[in-house]
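Trainee: Each chain, written out:
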Amino acid sequence: MKLINEEGLRIDGRKFNELRPIRIEVGVLNRADGSAYIEWGGNKVLVAVYGPREAFPKHTQNPSRAIVNARYNMAAFSVDERKRPGPDRRAVEISKVIGEALECAVFTEQFPRTSIDVYIEVLQADAGTRIAGITAASVALVDAGIPMKDMVVGCAAGKIDGKVVLDLNKEEDNFGQADLPMAIIPRTQEIVLLQMDGNMTRDELDQAVELSKKAAMYISGIQKEALLAKYKSQEQEKEGESSE
Amino acid sequence: MERKIVLPGEEINLEGMKQGNGIYHENGKYYSYQMGVLQTYNSYANVIPLSGKYYPVRNDRVIGKVIDVAPSFWIMDIRGPYPGFLHINDTPWKNMDQDLNKILAVGDTVFGKVNEITESRQIWLSLKDAGLRKLEGGHILMVQPTKVSRIIGKGGSMVNTIKEVTGVKIQLGQNGVVWLDGPADKVMVVRKILKYIEKEAHTSGLTERVKKILEEKQVI
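These protein sequence lines map, in sequence, to chains B and D.
Quick note, the first sequence lines up with residues 1 to 244 if you use this note's numbering.
Quick note, the second sequence lines up with residues 1 to 220 if you use this note's numbering.
Excised from the complex, chain D in its bound form:
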């Protein structure tokens, strides 16, 4: 199937592929329901959106910011249509009758995972897994959630290249929040690179181009 940009309502010829994401059917015909790139993956035809909000999926790694503190849980902004909840029992910390503000206060940032999405679209986060933690220091960058997979690259090739060349610590949230830590000048380089990837996400041969830019930047 040809890789091309489709628009909402555009008819899609599945060519024997199965109906994947971003496609709806009506009267036996298939149409795209958003603007995106038509791609095939494992015999499924998908429309990968070019823009849009973050829609949580179970086990996604996300970066959330505390917006409110309740008696036994935190309410977090995960840049989606709904807020995320983080219960004290899903964290490595013990409550011990103390104020939750002492553990995480409004404005603090955590790297967590989506633990459960209830029927009524309540999103419960968790910090109980390897690598999940409160993020301290560093720099936050927002990118479009739909472009995160491009920043990761095939098997992490893109993000690993950037990490290796610049030495900056990068924590990627599927919700389009990126946490960077390292020397200020290096962080600014990574920032620029990530913004470049975001802008060029729908083009091909991006990893190679990014490599080239990184090498040039390092030389200077």
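Excised from the complex, chain B in its bound form:
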């Protein structure tokens, strides 16, 4: 399958360093302490955050800090072929790496013996759900008022038709040579999540990381806009009321 045409454009018409459209909404759930919804290309992910609250079961409590409990879950209808519900090997792994990545940014030592629960529900999948999930999760954590160093941002790069490109979609992920999801803390440029599926040379890896880092800074801007929009929209409503 040919993934890049003669003009250097990919099957969905993007350039090698172009992201899919991203839209984030904050505070979509009323019962959760914090929530966010993200649409990243064909991905639709809903995140709810609870806590800090007493960790259960009790043996999971850490007397010196909070634990960050992430649960990544794919809906049965999120993929073409029905996905068997419930955690599988892949979901358990992704939950673990997302939880650890978020933990890097959270001031866990402020809340000993508690847990911060992050529920990531993938409603529609189109490659790159874990980084869409982590990007929305850190927005939801901020919405829940949890103290953090900075907001974690996820972004992926990969290799298709021998070329390093940004943000693979489903076809590119399935028929490409490599996929490299990554999450960083934008302010310090620390990498908090890095996984790779497929093969890349060392130079290509460096290229991919650089590409993702640059894109992550842009996505970080979208996160901030989404959070500020929640309070701006209320102010605008008020202005509308007074003009009536």
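Since the hints were made in silico from the structure, they are not lab data.
Cβ coordinates follow ideal geometry from the N, Cα and C atoms, glycine included.
Since no wrong hints were added, every one of them can be taken at face value.
Between beta-carbon pairs, the in silico distance windows are:
(1) D:Trp93 - B:Glu54: 25 to 31 Å
(2) B:Gly86 - D:Asn160: 51 to 57 Å
(3) D:Glu11 - B:Arg89: 38 to 44 Å
(4) B:Asp88 - D:Lys94: 57 to 63 Å
(5) B:Lys163 - D:Gln19: 45 to 51 Å
Straight-line alpha carbon distances no greater than 35 Å define the calculated DSBU-like cross-link-like pairs of lysine-lysine that follow:
(6) D:Lys163 - D:Lys195
(7) B:Lys230 - D:Lys65
(8) D:Lys29 - B:Lys214
(9) D:Lys195 - B:Lys232
(10) D:Lys113 - D:Lys134
(11) D:Lys29 - B:Lys213
(12) B:Lys149 - B:Lys170
(13) B:Lys213 - D:Lys4
(14) D:Lys212 - D:Lys4
(15) D:Lys211 - D:Lys4
(16) B:Lys96 - D:Lys29
(17) D:Lys4 - B:Lys214
(18) B:Lys230 - D:Lys199
(19) D:Lys4 - B:Lys224
(20) D:Lys113 - D:Lys154
(21) B:Lys224 - D:Lys154
(22) D:Lys154 - D:Lys128
(23) D:Lys29 - B:Lys149
(24) D:Lys18 - B:Lys224
(25) B:Lys58 - D:Lys128
(26) D:Lys163 - D:Lys4
(27) D:Lys113 - D:Lys169
(28) D:Lys211 - B:Lys230
(29) B:Lys230 - D:Lys186
(30) D:Lys18 - D:Lys154
(31) B:Lys230 - D:Lys113
(32) D:Lys65 - D:Lys169
(33) B:Lys230 - D:Lys29
(34) B:Lys149 - D:Lys4
(35) B:Lys224 - D:Lys29
(36) B:Lys58 - D:Lys113
(37) D:Lys113 - D:Lys192
(38) D:Lys195 - B:Lys230
(39) D:Lys195 - D:Lys4
(40) D:Lys134 - D:Lys211
Chain B is fixed; fit chain D onto it per the hints.
Mentor: Frame of chain B; chain D shown alone:
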């Protein structure tokens, strides 16, 4: 210092102010650690959070609900990261070998204060102070704990205005639980007003606006 909304990781120029709440420092620079409004108070720069759970502070007045009864104390939900404990010796009641359920049962609500927070974050409540009691009857409303100070207003101006105009009894817990008592229609008005304040907490000139709404509502 300019009043503005900051986000986690956003650098803050202290401009000679001291580091207050909601701010951390790293390599000689200062950053906010939560989403909130940057404000100065008594030469301290603080980030007042826009959302978040209730974090108990000693002597806070809180409204708690009994979730469990132990032989000599009650375990209460105070909407924080940890449960609150209320020992029989910190209440005006005597034990007299009787069942604690007869004094306070699961589901009962009290207006108490945070007496002590131990090193291991055990929160001990007390009912031994003026005005602290078991709450009977009335109506409970939950608001965001971070918005309670806005409901109180400067020196209690906001809550006193609402009390005066509507005649509804209001008991405010710092943990975001509000107890209301009075005629049902008036209580519903207060409910709406409090929800309005919660939504508009980060804007200015709120007390005046609330006054106006209250007057309009009373006329109807």
